[in-house]
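Residues per chain, in single letters:
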Amino acid sequence: KQEVTQIPAALSVPEGENLVLNCSFTDSAIYNLQWFRQDPGKGLTSLLLIQSSQREQTSGRLNASLDKSSGRSTLYIAASQPGDSATYLCAVRRMFGNEKLTFGTGTRLTIIP
Amino acid sequence: GAGVSQSPSNKVTEKGKDVELRCDPISGHTALYWYRQRLGQGLEFLIYFQGNSAPDKSGLPSDRFSAERTGESVSTLTIQRTQQEDSAVYLCASSLGRGWLTDTQYFGPGTRLTVL
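Just so you know, the protein sequences line up as chains P and F, in that order.
Residue numbering for the first sequence follows our numbering, beginning at 1400 and increasing consecutively.
Residue numbering for the second sequence follows our numbering, beginning at 2 and increasing consecutively.
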């Protein structure tokens, strides 16, 4: 059974700093990995999707890496801003079966102005 | 272009009552998913619809839970005889359903269910 873990559960950093969020998964037989952000009272917003054959994806100040063999992914946020405050979730889609996602429990990020 | 919508946004009910949650996916999306997020826990997969195929119900926690989907349109999740442990945010997502590697799921805002 796939298990996805995110550490830390919560993180507070001053505005302007660079930061890294971590995600680990137990079963490396995945099709892709996604990073989402979740704002209070709102649904999830997809940030980046990394295919199993890729090692990283970039979008603006965000960079996500994937090391499938070790079961790890990181989300790097450069020059953090107060608007980045949210809960960040990683999710993996397994290689076989339906397209359901298995989610981690998330990292609650607070950027201090 | 409208995103995924869900209704109601909040639902408070008494233990033992039935509830029905609605999801309107993005037009043209053949795949639809229901997830549940209980307080302090990660999202749990409940059920998956893909076109006219039989749904994957492997995530439904008990026979009190059921879901229907009309073609490639609206879906309803029904919980019968609600229990306090059913309290959670129920999230619906849809996707194009084609292309295993790059298919992105788009999520609705969720329905917050509170069972008293």
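None of these hints come from the bench; they were simulated from the model.
Even glycine gets a Cβ: it sits at the ideal position worked out from N, Cα and C.
A couple of the hints might just be wrong.
Calculated cross-link-like contacts (lysine to aspartate or glutamate; reagent style EDC-like; alpha-carbon spacing at most 20 Å) [as the list claims (entries may be wrong)]:
no.: 1; chain 1: F; residue 1: K18; chain 2: F; residue 2: D64
no.: 2; chain 1: P; residue 1: K1400; chain 2: P; residue 2: D1426
no.: 3; chain 1: P; residue 1: K1467; chain 2: P; residue 2: E1414
no.: 4; chain 1: P; residue 1: K1441; chain 2: F; residue 2: D25
no.: 5; chain 1: F; residue 1: K58; chain 2: F; residue 2: E73
no.: 6; chain 1: F; residue 1: K12; chain 2: F; residue 2: D25
no.: 7; chain 1: F; residue 1: K18; chain 2: F; residue 2: E86
no.: 8; chain 1: P; residue 1: K1441; chain 2: P; residue 2: E1402
no.: 9; chain 1: P; residue 1: K1467; chain 2: P; residue 2: D1438
no.: 10; chain 1: P; residue 1: K1467; chain 2: F; residue 2: D104
no.: 11; chain 1: P; residue 1: K1441; chain 2: F; residue 2: D64
no.: 12; chain 1: F; residue 1: K58; chain 2: F; residue 2: E21
no.: 13; chain 1: P; residue 1: K1400; chain 2: F; residue 2: D57
no.: 14; chain 1: F; residue 1: K16; chain 2: F; residue 2: D104
no.: 15; chain 1: P; residue 1: K1400; chain 2: F; residue 2: E45
What follows is a list of derived Cβ distance ranges for each label pair [stated by the list, open to error]:
no.: 16; chain 1: F; residue 1: S88; chain 2: P; residue 2: P1481; range: 28 to 38 Å
no.: 17; chain 1: P; residue 1: R1507; chain 2: F; residue 2: N11; range: 13 to 23 Å
no.: 18; chain 1: P; residue 1: D1466; chain 2: F; residue 2: S59; range: 44 to 54 Å
no.: 19; chain 1: P; residue 1: S1452; chain 2: F; residue 2: T14; range: 41 to 51 Å
no.: 20; chain 1: F; residue 1: A3; chain 2: P; residue 2: D1438; range: 17 to 27 Å
no.: 21; chain 1: P; residue 1: K1441; chain 2: F; residue 2: Q84; range: 25 to 35 Å
no.: 22; chain 1: P; residue 1: N1421; chain 2: F; residue 2: D19; range: 33 to 43 Å
no.: 23; chain 1: F; residue 1: G29; chain 2: P; residue 2: T1444; range: 39 to 49 Å
no.: 24; chain 1: P; residue 1: P1481; chain 2: F; residue 2: S63; range: 15 to 25 Å
no.: 25; chain 1: P; residue 1: I1511; chain 2: F; residue 2: S67; range: 44 to 54 Å
no.: 26; chain 1: P; residue 1: Q1453; chain 2: F; residue 2: D19; range: 41 to 51 Å
no.: 27; chain 1: F; residue 1: D64; chain 2: P; residue 2: S1458; range: 40 to 50 Å
Some chain F residues flagged as far from chain P (calculated, every beta-carbon gap over 12 Å) [as the list claims (entries may be wrong)]:
no.: 28; residue: S6
no.: 29; residue: S10
no.: 30; residue: K16
no.: 31; residue: S28
no.: 32; residue: R113
Here's how the hints hold up against the structure:
1. K18/F / D64/F: Satisfied, since the Cα-Cα distance of roughly 15 Å is no more than 20 Å.
2. K1400/P / D1426/P: 8 Å, holds
3. K1467/P / E1414/P: Roughly 31 Å separates the two Cα atoms, so the pair is violated.
4. K1441/P / D25/F: 16 Å, holds
5. K58/F / E73/F: OK: K58/F and E73/F at ~17 Å, within 20 Å.
6. K12/F / D25/F: 17 Å, holds
7. K18/F / E86/F: Distance of about 13 Å is within 20 Å: holds.
8. K1441/P / E1402/P: 25 Å, violated
9. K1467/P / D1438/P: Cα-Cα ~28 Å, so violated.
10. K1467/P / D104/F: The hint holds at about 19 Å.
11. K1441/P / D64/F: At roughly 29 Å apart (the allowed maximum being 20 Å), D64/F and K1441/P break the hint.
12. K58/F / E21/F: The given pair, whose Cα atoms are some 17 Å apart, holds under the 20 Å limit.
13. K1400/P / D57/F: 17 Å, holds
14. K16/F / D104/F: 38 Å, violated
15. K1400/P / E45/F: Holds, at about 13 Å.
16. S88/F / P1481/P: 28 to 38 Å: Once the Cβ atoms are compared, 31 Å apart, the range 28 to 38 Å for P1481/P and S88/F holds.
17. R1507/P / N11/F: 13 to 23 Å: Hint holds: Cβ distance 22 Å, inside 13 to 23 Å.
18. D1466/P / S59/F: 44 to 54 Å: With Cβ atoms ~29 Å apart, the hint is violated.
19. S1452/P / T14/F: 41 to 51 Å: 46 Å, holds
20. A3/F / D1438/P: 17 to 27 Å: 19 Å, holds
21. K1441/P / Q84/F: 25 to 35 Å: 27 Å, holds
22. N1421/P / D19/F: 33 to 43 Å: 41 Å, holds
23. G29/F / T1444/P: 39 to 49 Å: Given about 20 Å between the Cβ atoms, the range is violated.
24. P1481/P / S63/F: 15 to 25 Å: 42 Å, violated
25. I1511/P / S67/F: 44 to 54 Å: 45 Å, holds
26. Q1453/P / D19/F: 41 to 51 Å: Roughly 45 Å apart at Cβ, these two residues keep to the hinted range, so it holds.
27. D64/F / S1458/P: 40 to 50 Å: Because 42 Å falls inside the window, the suggested range holds.
28. S6: 10 Å, violated
29. S10: At roughly 8 Å from the nearest Cβ of chain P, S10/F sits no farther out than 12 Å, so the non-interface label is violated.
30. K16: 25 Å, holds
31. S28: Non-interface label on S28/F holds, nearest chain P Cβ at 17 Å vs cutoff 12 Å.
32. R113: Given that some Cβ of chain P is not farther than 12 Å from that of R113/F, nearest at about 8 Å, it is violated.
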